[in-house]
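2 protein chains.
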Amino acid sequence: MKWVYDFSEGSRDMRDLLGGKGANVAEMTRILGPERVPAGFTITTEACVAYMDAAEFPAGLDDEVAAALARLEEQAGKRLGDPADPLLVSVRSGARESMPGMLDTVLNLGLNDASVAGLAARTGNERFAWDSYRRFVQMFGNVVVGIEGRRFEDLIAAEKRERGVRDDTELGTDSLRALTARFQELYDFPAEPAAQLRAAIGAVFGSWTGERAVTYRRINRIPDSWGTAVNVQQMVFGNKGETSGSGVAFSRDEVTGAPEPSGDFLPNAQGEDVVSGVRTPRDIRELADWQPQVYTQLLEILQTLERHYGDMQDTEFTVEEGRLYMLQTRNAKRPAQAAVRFAVDAVAEGLLERDAALMTIDAEALDALLHPTFDSQTTYEILATGVAASPGAAKGELVFSAAAAIEAADGGRAVILARPFTEADDVAGFHAAVGILTSEGGKASHAALVARGMGVPAVTGAASLEIDPDAGEIRRGGEVVLRAGDRVSLDGTAGTVTGDDVPLVEPQVGEAFETVLAWSDEARRLGVRANADAPEDAERARGFGAEGIGLCRTEHMFFGEDRHEAIVAVILADTDADRQAGLRRLLPLQQGDFEAIFAAMEGLPVTIRLLDPPLHEFLPSLAEIEERLREAKAAGGADAAALEHDLTRVRTLQEVNPMLGTRGVRLGILFPAIYEMQVEAIFAALAATRDRGLEVSAEIMVPLVDYRRELEILREQIVAIGERVGVERGRDYSLGTMIELPRACLRADEIAEEADFFSFGTNDLTQTALGFSRDDIEGRILGRYIDVKVFDRSPFETLDTPGVGQLVRMGAWLGRKTKEHLKLGVCGEHGGDPDSIDFFHNNGIDYVSCSPYRVPVARVAAAQAAIRATAT
Amino acid sequence: MKWVYDFSEGSRDMRDLLGGKGANVAEMTRILGPERVPAGFTITTEACVAYMDAAEFPAGLDDEVAAALARLEEQAGKRLGDPADPLLVSVRSGARESMPGMLDTVLNLGLNDASVAGLAARTGNERFAWDSYRRFVQMFGNVVVGIEGRRFEDLIAAEKRERGVRDDTELGTDSLRALTARFQELYDFPAEPAAQLRAAIGAVFGSWTGERAVTYRRINRIPDSWGTAVNVQQMVFGNKGETSGSGVAFSRDEVTGAPEPSGDFLPNAQGEDVVSGVRTPRDIRELADWQPQVYTQLLEILQTLERHYGDMQDTEFTVEEGRLYMLQTRNAKRPAQAAVRFAVDAVAEGLLERDAALMTIDAEALDALLHPTFDSQTTYEILATGVAASPGAAKGELVFSAAAAIEAADGGRAVILARPFTEADDVAGFHAAVGILTSEGGKASHAALVARGMGVPAVTGAASLEIDPDAGEIRRGGEVVLRAGDRVSLDGTAGTVTGDDVPLVEPQVGEAFETVLAWSDEARRLGVRANADAPEDAERARGFGAEGIGLCRTEHMFFGEDRHEAIVAVILADTDADRQAGLRRLLPLQQGDFEAIFAAMEGLPVTIRLLDPPLHEFLPSLAEIEERLREAKAAGGADAAALEHDLTRVRTLQEVNPMLGTRGVRLGILFPAIYEMQVEAIFAALAATRDRGLEVSAEIMVPLVDYRRELEILREQIVAIGERVGVERGRDYSLGTMIELPRACLRADEIAEEADFFSFGTNDLTQTALGFSRDDIEGRILGRYIDVKVFDRSPFETLDTPGVGQLVRMGAWLGRKTKEHLKLGVCGEHGGDPDSIDFFHNNGIDYVSCSPYRVPVARVAAAQAAIRATAT
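For the protein sequence lines, the chains are F and W, in the order given.
Counting from 1, position 570 in the first sequence corresponds to residue 569 in numbering that gives the first Met the number 0; the numbering is continuous, with no gaps.
Counting from 1, position 769 in the second sequence corresponds to residue 768 in numbering that gives the first Met the number 0; the numbering is continuous, with no gaps.
Among the hints, a few may not be true.
The list treats identical chains as interchangeable, and a pair is accepted whether it falls inside one copy or across any two copies.
[Claimed, not checked] Below, simulated DSS-like cross-link-like pairs (lysine-lysine); rule was C-alpha separation at most 27 Å, straight line:
1. 159 / 788
2. 788 / 816
3. 239 / 159
4. 816 / 332
Treat the hints as calculated values from the structure; they're not laboratory data.
With these hints in hand, go ahead and build the complete structure from the sequences.
The structure is reproduced here in structure tokens:
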């Protein structure tokens with residue numbers, strides 16, 4: 000096992016082994032030449048995994064590190080700890096996927112009481128040397144030894160008080176020397192550089208299993224088993240004076256995707272200062288004024304990197320006394336709008352082919368483009384303007400902590416999370432909030448990065464606001480303008496914040512997105528339909544490019560006032576005459592529903608699922624009737640008899656496990672009258688719509704089928720009604736079934752004999768295959784199961800392909816064994832999930848159906864699945 | 000397609016095509032010679048199926064019938080309808096499986112106004128001829144044309160009144176002639192014999208889909224698709240005078256299995272008179288006095304047939320003027336004790352090899368041998384003695400109709416169904432009753448046959464009792480002795496009935512049964528264990544030959560008074576200290592439970608399932624606490640706070656679908672303390688039992704596993720507790736899981752990595768694979784689904800092999816892929832069902848586990864599965 004690779008040995012293909020940063024630094028070294036990239040070496044992720052397993056360095060690692068260090072020293076012409084001219088190194092984490100700020104870093108390693116003098120001598124800058132040493136002792140103590148950061152800060156504050164200064168930069172060499180000594184009293188500082196290095200490497204390994212990192216991985220679906228690599232690199236100094244500086248540069252605007260570089264830099268600062276958001280940095284374009292030749296070099300390098308990687312780049316650089324060093328490059332995380340714009344521009348510029356361009360888009364993130372924005376017709380008072388850090392508009396109740404955000408979200412309330420700046424511990428609150436507001440930090444700040452990654456609208460650096468979590472208020476110019484619980488609205492696309500309740504408007508799909516969607520439609524094989532129960536939803540879905548309705552649930556149609564009363568009458572009826580009277584009232588209403596949906600989807604198929612939920616779902620609860628009965632009795636008992644009757648009926652219909660009870664086709668067989676009414680309404684609507692000259696394609700879907708015979712019974716019944724109304728199976732409508740029970744998957748060959756199509760109901764299939772009641776499990780067990788690593792994401796979000804997926808595959812294969820051209824769809828929520836879509840593409844499904852808003856996401860994901868399948 | 004076969008063309012191998020009766024008559028013709036079997040031909044079951052499909056005779060059938068009839072006429076030397084010497088035929092149904100009395104029969108076909116004279120002339124018996132004609136016109140009108148039987152009976156009664164006679168036999172030729180004419184006025188009687196024959200054949204076909212037949216098939220699990228054959232056979236007459244008669248003869252005693260012929264006969268009667276139970280027949284041994292040479296011939300024939308078929312025979316015969324004709328033979332249905340005795344005797348006599356003898360036993364029926372009997376130590380007043388028609392003792396509430404029996408059984412009450420005699424319409428009541436009592440009919444009566452088939456104890460022909468359903472009472476000598484609702488006890492082995500409440504005693508396994516079980520144990524490969532939760536059950540199971548406990552459920556152990564209080568305290572605890580206190584109270588109690596079970600099963604394996612049901616099952620219901628809270632508030636509210644707390648906790652634990660909720664391993668992961676206590680109790684009990692010098696083999700079973708990781712977490716936890724207590728996995732205990740979710744079957748290879756054994760929980764696997772909540776489905780849907788032919792028996796009774804069975808097969812195969820010698824058991828109720836056992840034998844299962852009483856059944860069924868598998 001080789002544990003250590005010099006930068007010159009690596010390449011970007013070695014990402015799994017060297018981590019993203021290690022692989023990219025190696026790659027950069029090859030492209031840009033060693034003069035642009037400080038030298039160093041990478042300790043592999045495998046070494047980290049071995050360390051996690053054994054809780055100690057794997058055999059041979061120490062020797063390999065020593066040898067690599069010797070090579071580095073030779074290349075740099077300096078030795079670690081050299082009292083004359085010391086080599087200083089950074090020790091940085093670098094996982095396969097970027098986890099910004101979640102893993103540990105140690106800078107300026109190699110300093111001690113002897114080498115600090117050498118550094119001072121060689122740089123002729125004693126204050127710089129001691130400031131570096133002070134920073135190192137502080138960082139080492141905090142990161143490696145685990146001393147609370149506050150204890151160092153307290154000592155610095157005390158020194159500043161004593162010296163009567165306000166800023167760190169005003170502290171002189173003596174102060175820094177004194178602080179360094181005091182810091183060393185807080186712990187047992189190892190003077191020996193090799194010992195420093197060994198400890199720092201161990202700390203980076205250890206940070207992989209730290210709480211912050213674990214939480215981040217859980218949210219971002221990064222496996223715990225990967226481990227992180229460790230990069231040891233010669234230090235260069237952005238804090239060496241006024242011709243030095245550090246920055247972050249994107250090859251294109253990281254928010255809009257516009258083809259111009261963007262980013263932030265800070266003169267006379269180390270990289271951490273830029274990223275932390277503590278000092279508000281300067282725009283990258285100001286570099287042109289500050290050091291024009293560095294700016295030109297940087298632009299050239301960004302272009303070179305982008306061409307080389309074929310993707311937008313996110314780089315870190317340091318300028319040391321006028322010389323530009325590139326410390327890192329990686330494919331830029333970007334919000335959906337930037338991703339879409341980049342893809343379109345990259346093709347126009349000849350940078351990428353269409354398919355490759357499509358693959359640069361994170362389909363899941365496109366959801367953000369479909370988020371609402373502020374209504375431009377409204378006027379509102381702008382409370383503050385900040386950085387447009389993550390696009391989309393949101394409004395909600397103001398909260399000041401992740402905990403408060405989570406609590407409110409659990410209670411179903413929309414909240415905006417406000418913090419002066421955010422840290423890793425706040426990430427859980429990002430999930431719970433509909434929007435993020437900070438008073439500090441730019442586009443590359445922690446808050447901005449995390450919010451964009453999650454598609455949560457955010458405004459950062461709203462500097463005119465004082466956000467005071469302890470007081471639970473936001474002040475502007477000393478005056479309280481908002482308190483916890485107040486309504487607040489923000490527009491993360493414009494960077495504006497207001498206390499007014501601004502109406503939000505539905506998103507419009509932009510031109511670049513249209514192009515991406517058009518390309519996707521050409522590339523994909525999977526059809527994309529929408530789940531829609533009402534004409535408005537159908538129209539919206541059509542607007543988003545749905546090619547039909549894959550699931551029109553009919554139960555929601557019983558929930559209008561007049562309808563609900565009628566269906567309750569049907570269910571509670573004692574005589575057939577009463578039941579029929581109720582059904583006769585419902586028939587024209589249902590027919591109207593179907594006519595409106597058919598009209599909205601003219602020319603496209605509409606799959607209508609017959610009534611599925613258990614009947615008692617339409618009735619008042621037992622407790623409610625009991626309460627009313629008690630009241631009626633107390634009041635003299637006039638209605639008591641009727642209520643007693645209802646109570647008995649509701650009790651009869653009550654079920655222990657309604658999910659596994661009298662639903663779907665079972666209802667259709669036990670109480671045929673309701674299905675008969677529905678089918679008659681569908682057929683009458685079909686005929687009426689055709690009479691208006693519109694083309695209609697109706698697909699009647701029977702839910703919850705286990706046995707061929709169940710569907711046969713329904714088929715006979717439906718065909719007979721069709722004959723009565725004058726419509727014919729095959730010619731006027733088709734007839735199929737949901738495949739949503741394990742048995743149906745296993746006997747799909749038989750069931751296919753009766754069906755024109757299958758639609759996999761993967762929600763219920765997941766519930767039955769796993770024995771997981773979604774209602775009961777999601778809140779209680781999923782979180783715990785993710786914690787203890789039973790799975791890394793909810794099987795209701797992304798299809799459990801090894802389990803449920805096997806059943807889908809079997810069902811599809813067996814169905815097609817009977818009918819080669821059997822139409823196969825998916826109408827569970829997985830139909831809008833990119834990973835699941837990939838699986839469906841590869842397992843013979845014809846179309847997916849998802850919520851209207853997810854249709855564009857599904858179109859792109861379907862295209863990517865097709866491209867991926869062709870590539871492999 | 001050949002639709003018609005002469006008897007001389009058929010054989011017993013052609014049962015599917017010719018039906019049981021047709022195949023056996025053909026076979027008998029070959030063995031006994033044509034002189035012993037009236038000639039005839041069989042119309043195939045395929046013709047019936049074609050008739051059912053097309054609702055008309057298939058092409059060619061008429062011609063083939065005409066040709067076969069011509070051959071029959073030639074052989075008999077008589078022609079159908081010949082005015083001089085007419086051939087008369089019977090037209091009888093004959094399905095693949097016997098369905099006694101369920102399908103139609105027409106006798107004396109061929110008579111009309113012309114041929115009746117010929118019959119009179121040839122027989123010299125005008126009264127006989129007219130009585131035959133009268134019977135034919137009546138039967139044809141009733142069976143073929145569908146005229147209500149009552150209308151014929153009314154005319155007979157009127158004639159008897161007019162003539163002043165009591166019995167039919169007293170009516171003279173004139174009366175019979177007049178009645179025949181009056182009968183013909185009730186419908187359009189076809190005089191033409193060919194038309195009579197065609198109509199009768201159609202009527203037999205049609206009776207296959209009649210309600211009675213459909214109900215019988217449903218209960219007896221006979222597929223509707225088989226159809227019935229039709230046998231047309233020359234009539235011989237048992238009613239031709241005093242040297243004629245008809246009877247039913249068994250080659251051995253049909254109740255005890257004793258090696259002596261048994262049966263009933265009636266002189267001067269047709270076969271229907273014997274079977275109907277209307278006249279009480281004479282014992283077959285009296286034949287020796289009546290016509291000794293006929294008796295000798297019959298005994299010889301019975302022996303010949305038994306040797307030929309290698310099984311006990313049930314025959315019908317007719318003696319026509321001293322000449323013996325065999326009309327039918329079939330393997331005798333028999334109660335369990337007769338089946339067991341026959342098997343043992345048959346081997347002793349050299350009639351059968353052991354394996355073949357075992358295969359003659361209906362394993363399912365053995366259950367009856369394990370039924371209770373009257374306590375022989377008690378004295379009781381015998382109310383009546385009748386025929387010991389179906390063995391076993393029972394007691395319950397007296398009811399007089401099938402409907403009342405069903406209603407009472409639904410209410411959980413044990414009932415005895417009493418009828419003067421029973422008919423097909425009463426069959427549903429047999430299922431609901433624990434015992435059957437009739438005042439008429441012998442061992443071959445409908446009541447006796449059906450009761451024996453179902454294993455329900457029955458006393459028939461208790462002639463001293465007047466059973467009056469209309470009055471709802473039973474009289475003896477005019478005095479009312481029992482009324483509806485009274486307690487009654489009967490002993491179907493002895494034939495006694497009493498109004499006393501006689502204690503029932505547990506069955507003892509007899510010597511012949513012991514022999515059968517010993518043979519079974521040699522023949523079978525499958526192990527047989529029992530499901531037992533308490534030491535008494537464990538002992539009983541061991542007594543019945545269980546080779547271990549396959550499922551010891553631990554939840555029942557929390558239901559003693561002190562225990563229940565403690566577990567409730569654990570569940571409602573707010574602090575860890577309270578929870579631990581409750582668990583500490585439970586620990587020694589649980590340990591005691593396990594010690595007692597280990598001692599009872601010394602030397603045999605005991606599989607203990609950790610707590611499975613959701614916690615709220617241990618708590619009072621929401622409604623109950625709400626009620627108590629209302630009372631507490633009304634009373635001043637002292638306990639209100641505590642009750643509010645409980646209410647909140649119970650609400651939190653409430654689940655929408657508890658079957659799919661926080662159960663099994665999920666509980667173990669969410670609330671580890673309960674499992675920890677259980678495992679500690681098991682290990683402590685194990686150690687304590689060993690200290691007593693007893694051998695213990697404990698298997699810890701984790702329920703409801705979906706993912707390998709779930710079991711891994713529990714494995715780590717259990718192994719750690721073991722280390723603390725000083726017991727070791729592999730050496731002291733093994734650790735496995737229930738496979739009871741579809742996902743577990745699909746990922747069994749992964750799960751097997753963590754398991755020493757699997758036990759298929761086919762109850763829950765059926766619930767999840769089919770999406771059927773047993774609690775909700777059994778009462779509402781199963782009956783309806785059997786009616787509409789979705790399935791022919793409950794999937795909870797016999798494993799749904801095409802669906803659930805596939806999952807079991809997959810789980811077994813994948814588990815063994817990972818661990819070649821993984822132990823595989825089944826602990827669902829299917830473990831005691833013979834058909835399911837056959838499936839388990841053939842799919843690599845090592846053992847089944849069932850209720851203690853079913854253990855002997857399972858041992859025999861397992862042997863039969865092994866023999867069957869070897870034979871094919």
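| field | Non-conforming hints, listed in increasing numerical order | value | 1 and 4
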